[in-house]
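*Asks:* Below are the chains, spelled out letter by letter.
There are 2 protein chains.
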Amino acid sequence: MNYRIVVSYDGTRYNGWQKQKTTEDTIQGKLETLLSRMAGKEVTVQGSGRTDAGVHALAQTANFRMETELSEQELMDAINGYLPEDIAVLSLKTASERFHSRYNAIAKTYEYRLYIGNAKPVMDRKYVWQPEEKPDLERMRTAAAYVLGEHDFKSFCGNKKMKKPTVRRIDRIEVEEIPERQEAVLRFTGNGFLQNMVRILTGTLVECGQGKREPEQMREILEAKDRSAAGMTAPAKGLSLVRVDYQ
Amino acid sequence: MNYRIVVSYDGTRYNGWQKQKTTEDTIQGKLETLLSRMAGKEVTVQGSGRTDAGVHALAQTANFRMETELSEQELMDAINGYLPEDIAVLSLKTASERFHSRYNAIAKTYEYRLYIGNAKPVMDRKYVWQPEEKPDLERMRTAAAYVLGEHDFKSFCGNKKMKKPTVRRIDRIEVEEIPERQEAVLRFTGNGFLQNMVRILTGTLVECGQGKREPEQMREILEAKDRSAAGMTAPAKGLSLVRVDYQ
Numbered sequence: 000m001n002y003r004i005v006v007s008y009d010g011t012r013y014n015g016w017q018k019q020k021t022t023e024d025t026i027q028g029k030l031e032t033l034l035s036r037m038a039g040k041e042v043t044v045q046g047s048g049r050t051d052a053g054v055h056a057l058a059q060t061a062n063f064r065m066e067t068e069l070s071e072q073e074l075m076d077a078i079n080g081y082l083p084e085d086i087a088v089l090s091l092k093t094a095s096e097r098f099h100s101r102y103n104a105i106a107k108t109y110e111y112r113l114y115i116g117n118a119k120p121v122m123d124r125k126y127v128w129q130p131e132e133k134p135d136l137e138r139m140r141t142a143a144a145y146v147l148g149e150h151d152f153k154s155f156c157g158n159k160k161m162k163k164p165t166v167r168r169i170d171r172i173e174v175e176e177i178p179e180r181q182e183a184v185l186r187f188t189g190n191g192f193l194q195n196m197v198r199i200l201t202g203t204l205v206e207c208g209q210g211k212r213e214p215e216q217m218r219e220i221l222e223a224k225d226r227s228a229a230g231m232t233a234p235a236k237g238l239s240l241v242r243v244d245y246q
Numbered sequence: 000m001n002y003r004i005v006v007s008y009d010g011t012r013y014n015g016w017q018k019q020k021t022t023e024d025t026i027q028g029k030l031e032t033l034l035s036r037m038a039g040k041e042v043t044v045q046g047s048g049r050t051d052a053g054v055h056a057l058a059q060t061a062n063f064r065m066e067t068e069l070s071e072q073e074l075m076d077a078i079n080g081y082l083p084e085d086i087a088v089l090s091l092k093t094a095s096e097r098f099h100s101r102y103n104a105i106a107k108t109y110e111y112r113l114y115i116g117n118a119k120p121v122m123d124r125k126y127v128w129q130p131e132e133k134p135d136l137e138r139m140r141t142a143a144a145y146v147l148g149e150h151d152f153k154s155f156c157g158n159k160k161m162k163k164p165t166v167r168r169i170d171r172i173e174v175e176e177i178p179e180r181q182e183a184v185l186r187f188t189g190n191g192f193l194q195n196m197v198r199i200l201t202g203t204l205v206e207c208g209q210g211k212r213e214p215e216q217m218r219e220i221l222e223a224k225d226r227s228a229a230g231m232t233a234p235a236k237g238l239s240l241v242r243v244d245y246q
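Line order of the protein sequences matches chains A and B. Read in numbering that gives the first Met the number 0, the first sequence has 9 at position 10, and its numbers run on one by one without any break. Read in numbering that gives the first Met the number 0, the second sequence has 86 at position 87, and its numbers run on one by one without any break.
Heads up, some of the hints might be wrong.
Identical copies carry no separate label here, and so any pair may be met within one copy or between two of them.
Straight-line C-alpha distance at most 30 angstroms; calculated DSS-like pairs for lysine-lysine [said to hold, decoys possible]:
id : residue 1 : residue 2
1  : 18        : 119
2  : 153       : 119
3  : 125       : 29
4  : 153       : 92
5  : 236       : 20
6  : 29        : 236
7  : 133       : 18
8  : 18        : 211
Note that these hints are calculated values from the structure, not bench results. None of these values were measured; they are calculated from a predicted model.
The task is simple: from the sequences and hints, build the whole structure.
*Replies:* Structural data, given as structure tokens:
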């Protein structure tokens, strides 16, 4: 059986989604260890993509193949019972044999939460970034418009050794103010994102909002195809993968 | 100067609001240590009331007397700079000499968050309680209506040695479903609450919602004036003091 799952996690204490040789502390690693133990043989969990160390997910999609007598609900309950309290499977369904969470994904949406109040974000301190200076959101919106569409995002790629194509398409960037939470939420939807790309975009947009850069510079940054042309990498803790779309 | 402050805290790692001889880990203790150091002499911080160990506050009100050259904004920024990241002063204003955060409070509002989804509340796990069985909210509303108004709440008091009057007035109990968070929020407003009172009310209402008790029993529980007549004490982590009203 090929199972499709939607997974939510608080990335604070993890080394990102992807399994690593040197550490147990990844979401994929936790899931694979648990499922392999349940199945009595090795189970591989395929995610829609990696998330960086410290990045959260409200809804990461993944799939894995496993034989079991359990119903979907029983399997999901069993997995949730074994998972630590900062990882949860929100849904579990059998999928077609061909379903592949990475290859079949057509769009992803990330949210970046900025705390822009005058105090301290006590309850949400692990999920928001508080820039030292409050950015102007209208300037951020103007800057964001320059990177919409298909571009080579090499300047916004955190992997310096990247050898694969760095062209991606961003369909939408929303900059929404949420006054009751004293927050601004940046929502990025696109067909795929490079390593650190949302965080570097966020850092650069915040610098535009703070007046450290002009919004029009976004075009030059894209053209430079050089990481050093862009702004800072915003901290991981403000970022969450919130949605993965399939056909 | 008599300063009035609004304080927010994540109570997870604290022994409640009130200073204790045996531990440093209280909110009042943290504030007093810090302010006394700033003032060069002992400063007492008076809260609107205690909160139990593990209970949070979105807006606790307190006041303290201190002489300083700093403006209100500077004083607030200095305090926030020294406080740990799970405590914040949201506002600070000079108050009349007579202002007393406990004696002058006329109403308090507490919120209790229940997670009622089918998965696990990953991001909010430290701020919600997930009862084993999902309660029926309409039954909870019916039960809640019985305790509105002025009553002797001795059955809902966690302090067995309580010698002071246990009559309180509850003006409002809302049971609101928040589908997008898969939560039910219980909102209690009254002129004052006994130790553990909101948590015992919540535990008892949830038992009514689960069918373990009949809503009409609430009347008998009040009449019993005996803690053992009421239900369980809901866990501290779901509770937050959200508002203190003054004339």
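*Asks:* Taking the hints in turn, state whether each one holds.
*Replies:* Here is how each hint holds up against the structure:
no.: 1; hint: 18 x 119; result: between (34 angstroms within a copy, 23 angstroms between copies)
no.: 2; hint: 153 x 119; result: neither (34 angstroms within a copy, 38 angstroms between copies)
no.: 3; hint: 125 x 29; result: both (21 angstroms within a copy, 21 angstroms between copies)
no.: 4; hint: 153 x 92; result: neither (37 angstroms within a copy, 49 angstroms between copies)
no.: 5; hint: 236 x 20; result: within (23 angstroms within a copy, 36 angstroms between copies)
no.: 6; hint: 29 x 236; result: both (20 angstroms within a copy, 26 angstroms between copies)
no.: 7; hint: 133 x 18; result: neither (37 angstroms within a copy, 35 angstroms between copies)
no.: 8; hint: 18 x 211; result: neither (38 angstroms within a copy, 45 angstroms between copies)
Of the numbered hints listed earlier, those contradicted by the structure are 2, 4, 7 and 8.
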